[in-house]
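J.: What follows is the residue order along each chain.
There are 2 protein chains.
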Amino acid sequence: MTITLNSPLDMHLHLRDGEMLKTVAPLSSHSFAGAIIMPNLVPPITSIEALLEYKSRILSSTCRDRFEPLMTLFFRDDYSYEFLKEAKKEISALKLYPSGITTNSEGGVSSMDIEGLRDVFEAMSELEIPLLVHGETNGFVMDREKEFVSVYEQFAKNFPRLKIVMEHITTKESAELLGRYENLYATITLHHLYITLDDVAGGLLRPHLFCKPIAKRAEDRDALLDLALSAHPKVMFGSDSAPHPIDKKESCGCAAGVFTAPIALQALASLFEKNDNLQNLQAFVSENAREIYGCEPLSKEVTLEKTPFLVPDSYGGVVPMFAGEELDWSIKSVS
Amino acid sequence: MTITLNSPLDMHLHLRDGEMLKTVAPLSSHSFAGAIIMPNLVPPITSIEALLEYKSRILSSTCRDRFEPLMTLFFRDDYSYEFLKEAKKEISALKLYPSGITTNSEGGVSSMDIEGLRDVFEAMSELEIPLLVHGETNGFVMDREKEFVSVYEQFAKNFPRLKIVMEHITTKESAELLGRYENLYATITLHHLYITLDDVAGGLLRPHLFCKPIAKRAEDRDALLDLALSAHPKVMFGSDSAPHPIDKKESCGCAAGVFTAPIALQALASLFEKNDNLQNLQAFVSENAREIYGCEPLSKEVTLEKTPFLVPDSYGGVVPMFAGEELDWSIKSVS
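From first to last, the protein sequence lines stand for chains G and E.
Just so we're on the same page, the working numbering is the position in the first sequence counted from 1, plus 5.
Just so we're on the same page, the working numbering is the position in the second sequence counted from 1, plus 5.
Hints listed in this document are in silico derivations from the structure and should not be mistaken for laboratory results.
Be aware that a few hints might be false.
Note that identical chains are pooled: a pair holds if it fits in a single copy or bridges any two copies.
[Unchecked claim] Here are the computed lysine to aspartate or glutamate pairs in the DMTMM-like style, where the Cα-Cα straight-line distance is at most 25 angstroms:
# : residue 1 : residue 2
1 : Lys93     : Glu127
2 : Lys311    : Glu278
3 : Lys177    : Asp148
4 : Lys177    : Glu278
5 : Lys90     : Glu133
6 : Lys253    : Glu330
7 : Lys253    : Asp204
Quantities reported herein were computed from a predicted structural model and do not represent experimental measurements.
Starting from the given sequences, assemble the full structure and let the hints guide the process.
T.: Set out below in structure tokens:
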């Protein structure tokens, strides 16, 4: 059995910089036609100049493949209309982080007060720049996303022309929000379709499955599965693949992030096939994103076949999800 | 400022065996007069012979101190009355583990069905042997203890003469149970008085704070604090100090357990003093246990003083709680 995916897209990807960029970028560009690139470097990407330099470093790391990095700026509440109008030519979206909520988010927004954000949100609405949001409060770790629901509602109600993407949703409450506001969209990761907190901390503690937002309950995962497997038109695949060197994961303070880029399509095919929804995978990994972002990806055909794929223990010192385990599907060819 | 504790007792302690026993046992025997010793070795302690041999290994590891290991057997539902009558001379309690629920609990009880446990529970009631329970179901990791409440209620109702200790409680529901059944008691650890899941997984993931039961919410911790700081007469200190070598903690599958034995009294004094309850510490770490178990500990005076104590990074390769941090109180003398 095989399936051919046309121009798969990863709508939420961390490529980092320097040596790590060189290690991980080719693993994404091999099997994806494009990806939304997160701007949370140190320092974050907040100028067009820095963005273009970063894009060019990405392109030189992925030059062997047809791959388009869809660039984003790190949200700041003092961006002017003129700046955004200029930026619009180079970016696909702005990414908003509440301050301190995840890896390298220290320079993020410290208050979700609508009035402080109004000018930028109105400019983005006008310029049709999507807003990507890491939607967590700084409350109790299991409640952070649920507590952010009211912020999403405020955003969606007050800025009806602003396209808002709830990034890497992990709760049934976020899933339900999609139906309530026309201008709310979502990405879902691979790992949140597979795991719950039990997989992270129910037996032995598994640092390579530790991520932000943290994996939740079975009913939350099931709500995400319903959206993904049915390829709900407001939902896109975004891996949130987030590489850390092994010594930052297996340590006394383990960084958040699951590394899935090189195994994502294989694991998605396995999951969709097991649930008899293989026919919806194309929409989940590409069509929905094209529709939502209004973008036309580079052409790329990725053929997967139902042949066991033994996931490597590490890719250049970065441990992937399913390391050492076997997935049902493997990549047969890319053209 | 100083406080002198008379015969502090640790009513829930893991000493392991072999080299680890030799490393950690002296750290408990230095500052405690006695401790309830957990029987979950590999294989678990289920015979009087194995128990006496283990006790003698403990005593030779602690021979420089006045220290009494209060031995326990690993609960089995096929112990006979005659066996328990004989065992009673050597043991302080039986420890019941649901199968597979924590480190080395694989041989535990697989069903909490009262009928299957009746004979042993009746024999224990008759012989006045306390039942110590690791009270978790195999449900979702944050719900396991709460789901066990109905089991505790069944046990308490059906065996009113059986003294039941809910070990290392972590939830407000368990705290509330104490008031509802005369024959229910509890131990509380040091770490569950200090941390919530946010400390384990809210920022970086901290494997040295990963334990079973997992730390819960702030309202749960506060309910435990109320019990401990007021030295509720049905509550005893039990560290559940559980050493693992550093490579079993900082690894791709981190074992559950927080190592607190050598820093427990200092951290308890700091906590009780900060909350203006220093006068209740003696009851929490000794008197309540004597009353509940009806035991008379060896005499030992431990004087603590309010002088900073820099917690070592490691004790023989085992990382303690608060490693590298400073506690307000230190041990001044032991006599």
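J.: Okay, which hints does this one fail, numbers in order?
T.: none
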